[in-house]
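This is what each chain is made of:
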Amino acid sequence: QKEVEQNSGPLSVPEGAIASLNCTYSDRGSQSFFWYRQYSGKSPELIMSIYSNGDKEDGRFTAQLNKASQYVSLLIRDSQPSDSATYLCAGIAGSARQLTFGSGTQLTVLP
Amino acid sequence: NAGVTQTPKFRILKIGQSMTLQCTQDMNHNYMYWYRQDPGMGLKLIYYSVGAGITDKGEVPNGYNVSRSTTEDFPLRLELAAPSQTSVYFCASSYPLASTDTQYFGPGTRLTVL
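Chains as they are written, first to last, in the numbering used here: chain A, 20 to 130; chain B, 252 to 365.
One should not assume that every hint holds.
[Said to hold, decoys possible] Quick look at which bits of chain A chain B covers, simulated, 3 or more residues with Cβ under 8 Å: (1) 52–64; (2) 72–79; (3) 107–116.
[Unchecked claim] Which residues of chain A face chain B? A few of them, derived with a C-beta cut under 10 Å, are: (4) V23; (5) S68; (6) S103.
It is worth saying that the hints were derived from the structure and are not from the lab. We treat Cβ as the ideally placed atom computed from N, Cα and C, and that holds for glycine.
Just chain B, with the same shape it has in the complex:
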């Protein structure tokens, strides 16, 4: 299993551009999450999904959109990029059971908006 994969690894955007961060997991996990991590800070939840076709906002959803058409994929869309969206973005997935809630993280996408 590859686990959680993210593309691209790095990206530089100009203000006002748009892009989609890709996230794929091959563990058949129902739950998927997008976080952002600013320098020296913890991770903040942007959006999450509990299954295909079901998404909901996290703590910092403004400026982002998501979709979940399959169990495996959970892309994050940035519309009209702003410097405040410069961050490292992590995708995670989990299969919550009574005995464990472990979230598995992808390698991250480092985004700079200039």
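Only chain A is shown next, with the shape it has when bound in the complex:
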């Protein structure tokens, strides 16, 4: 069974700190990975995608992918209270590009 595992949290960081979210996956056929942010009662919103080994930066967000270790991470620099949400890691595989989600990590940024 294809699985995506996330550090379950919850995770609390002070405002301005770096938040580190981690994810491992079991399906070596997974080709791409995504980080979604989900506010309570809302739908998931894509914040980062990563397709190849290494780092990808977008503003305060950096995604890291290590396919040999089957590991994906998301760093949020200068965390803000508005970053408080659940972060979902997902891997994509198959001809229909199906997503397999982790259970999410709840992040709270304390003012």
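Assemble chain B onto chain A, guided by the hints.
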């Protein structure tokens, strides 16, 4: 563009009732998906479609059916509702290209089966 829209937003069903969750996208996306999300959990794929007339089962298809007669619409049918189907249902769509696989999600339908 409205993106992905879902109706209804909320629904309460009694055990054994049936209903259809509607999903429409106006982005001309080929691929559409139905997920369910139980409290404190990630999303699980119920059914997906790669184009009109083509559907396939995901990880948790039991108790559900789908159809895809047009590119825009992908309704999810619940037959004989059970308490285990209490969940939030999300529809998503995408237009996979070599450079992106982004799935866009609708606002969700919160279903309670009593």
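Outcome of the hint check:
{"no.": "1", "hint": "52–64", "verdict": "holds (count 5)"}
{"no.": "2", "hint": "72–79", "verdict": "violated (count 0)"}
{"no.": "3", "hint": "107–116", "verdict": "holds (count 6)"}
{"no.": "4", "hint": "V23", "verdict": "holds (8 Å)"}
{"no.": "5", "hint": "S68", "verdict": "holds (7 Å)"}
{"no.": "6", "hint": "S103", "verdict": "violated (16 Å)"}
Of the hints listed earlier, those the structure fails to meet are numbers 2 and 6, in rising order.
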